[in-house]
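Put chain B on the given structure of chain A with help from the hints.
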Amino acid sequence: MSTNNIAVMGRSQGMVREARHLLFTVAPGALWIVIFLVLPSLYLMAVAFMSNGPYGLPQMPLSLNSFKQLAGVGFLGWSPGNLYTLLRSLWQTLVATGLVVLVAYPLAYYITICRAKWRPIMLLLVVVPSWTNQVIRTFGWMNLLAPGTPLSNAAEVLGFIPPNMGLYPSNFAVTLGLVYNFLPFMVLPLYAAFEKLDTAQVEAAQDLYARPARAFWHAVFPQTLPGLLAGIVLVAIPAFGMYVIPELLGGGKAMMLGNLVATQFSGGSNWPLGAAGAILMLIATFIGLFAMRRIGKRLGGGEEVVI
Amino acid sequence: MRKRTLKRCLTAFWWITLVFLYLPLAVVVLFSFNASNSAASMTGLSLRWYHQLLGNEQIMAAFGNTLVLAICSSVIALVIGCLIGYGMYRHRHRKLGWLIVLIYLPIVLPDIVFGISEMAFFVQFHRLTGLLQPGLGTMVIAHVTFQIPFVALIVYSRFVGLDPTLFEAAKDLYATPVKRVVHFMLPTIKPALISAFFLSFTLSVDDFVISFFTAGPESATLPIYIWGAIKKGVSPEINAIATLMIGAVAIAAAISLLFSRKNQHSRKRQS
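One line per chain: the protein sequences are A and B, in this order.
Under the numbering used here, the first residue of the first sequence is numbered 170, with each subsequent residue one higher.
Under the numbering used here, the first residue of the second sequence is numbered 144, with each subsequent residue one higher.
Just so you know, these hints were derived from the structure itself, not from any lab.
Predicted model only: the values in this text are computed from it and were never measured.
Every residue, glycine too, gets a C-beta built ideally from N, C-alpha and C.
Among the clues, some could well be false.
DSS-like cross-link-like pairs, simulated, lysine-lysine; straight-line CA separation at most 27 Å [to be verified]:
#, chain 1, residue 1, chain 2, residue 2
1, B, K374, A, K422
2, A, K422, A, K237
3, B, K405, A, K365
4, A, K422, B, K375
5, B, K150, A, K365
6, B, K238, A, K466
7, A, K365, B, K146
8, B, K146, A, K286
9, B, K150, A, K286
10, B, K322, B, K333
Chain B side only, calculated, beta carbon under 8 Å to chain A, not exhaustive [to be verified]:
#, residue
11, L161
12, V170
13, V352
14, P366
15, M388
Just chain B, same shape as in the assembly:
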């Protein structure tokens, strides 16, 4: 009897927390369709803020920057991180403590310290050599730095999950190391590579603090543009861009749900 009341309380608590979690997002979506300028009251539905978005060159440029930054940095991080992940697996019996510390460093360092160190470094480097002017280039470098650890850890854990005899078999089957990589290694870790790429991409789009401090005057991304707009005084357009970004996340969530369902089913079939 008491157990049942406990469960009922918990159910209520669960729904309250869900409201808490989704209320701020719902408000943004709702106000993006607001007909009036006011941020405090809804007067009617309209799509005028979305029309304004399309005409706003700054927003379109920021959107382009966000995509270029996320794709470039994820590709570079995928290559470098994948190599490290494999190296960590292959040499896991050695003492690689320093490497582990190095890989965890970008994860544990507070964002603000991360961003400011890079900014101070790039500014001074640019003053001394004239290279690495703050802009998309420096942002890509900074993003790759925080993406590498995640790629490396995902790839490493995929290798650890494999049967070690597979490597022997591949050695017997394929004479050259190149063939081994192309026909055995890459296909087996493909799922890890895909999820590492998507995680890197999401981390890049999600990041604000590190981008903010490494950006140049021409390389604002969407989060940086939104930040600036909020600071200048809230414009209803922000709700519209934010809604589109929330929509992208919702799609990503749906895809990941489908994937996990599929995995569950295939696992069930196997067992």
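Same shape as in the complex, but just chain A:
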């Protein structure tokens, strides 16, 4: 056997060993995720195309009934309830994300201009509330916004709400809860963007006598855009599928898609309808991720956008 052959054999043996190594390290986790997440979600998608049996469990003849129901077609003809829920989810997501940006942007900037030794503490202060359980945080807002509390009384005196009506349950309370919940998710990526800010560009703009607004728009804003986009992904996607906050702070008239989906399963009333709602949520999620990636790549910050 020539030495050349041995070398080739050695290499192929090495490749086999490498492949086995890859299998041993990666396979347990990959299999775990495939069995306990990919298969269940595929099953859920299949459920959406089945018909609704007794006890709400899915049954065999395939049908598109669940999607019709999601669009509002029921036994009694068409009703706009589900469509309102969908539109409300979109609207709440949009408003909450916008408000979070408005609050987080100046906040992230402020943290970067503070002394370096305070910055980690300030970031920690922003993040710590989100470490407590979501149910507890939302319960705190229930306490604050209930009828008879100082905040509700103030809103009543100012004429925002009718007497004895408390600020919760309402759409307003849901928006507030969403903004509260997602603020840290926006501050962190924005802070990272501001920290890397190239101040030479800002100085150049000032040297060219750009007014502050113009200097901001052309020299600062584009540099923070990757962080902003990452924040929007981190806020908008989970906000669209939010369950806890509308359930506790919203009441029946502020239901979002997550609640519509959950009711179909927890009440055991209609799995296919719930699954159809879940598919809609998945589509929205992937459209969001894909759009952000595209925009992010065009800006040259592609990596940061994917978390």
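Just chain B now, with coordinates in the frame of chain A:
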């Protein structure tokens, strides 16, 4: 001059936001010491809700479930995630796009879709085979599924941060792969393992939606118990449990602050 007013406005804005962030938590803590039943007015200070907690068997059981779930799932996720993280590093030159997609899937999937898929799957699996009855077991499986990606990514980034020649040196020093793992690999990634474990633990205690949909009748965790109590009509006891959980978070925050201080100091000394 204008810069100074801007900074003053921002400072004011910062303090207002802090009040916004901590007000709901402060209210919960305050009302946990309320002497009266009413959720709207403070009448005096007392510890009666905390006394009631100790006597409430359901709460104690929920507390136990929360701990068992968090510890079991974090340990399993640590082992599996660590292996994946190392595999991703070692084979980073291959095309592992499918693996990255698989690992990000639990992170990007909305909680509610995650929880409901698992629930539907477990229910049907149980109907067909009689195995995997909804309970702590199914909850551990679900929690491990969302913890694996975080462990894997933390371990992977620790490996990427290492000097690649270290691996060659370890190969020269230690003859067997087992020794290499025990004497080189595990000690070097220890900080990553510790932070991955704590992150997994926190994620598990923090989770409500996924636990809620995979739980059985006997396996309520604290968040699930609190949820039920809120739905039934607010009882002042909730404030007391919630305060204890907020206290745990405050301690965790203090520890992480100390750690980051220590890291800063050691980094300064090095440079």
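Hint check results:
no. : hint            : result
1   : B/K374 x A/K422 : 17 Å, holds
2   : A/K422 x A/K237 : 22 Å, holds
3   : B/K405 x A/K365 : 24 Å, holds
4   : A/K422 x B/K375 : 19 Å, holds
5   : B/K150 x A/K365 : 20 Å, holds
6   : B/K238 x A/K466 : 20 Å, holds
7   : A/K365 x B/K146 : 21 Å, holds
8   : B/K146 x A/K286 : 22 Å, holds
9   : B/K150 x A/K286 : 18 Å, holds
10  : B/K322 x B/K333 : 16 Å, holds
11  : L161            : 6 Å, holds
12  : V170            : 5 Å, holds
13  : V352            : 6 Å, holds
14  : P366            : 5 Å, holds
15  : M388            : 6 Å, holds
In this structure, none of the earlier numbered hints is contradicted; all agree with it.
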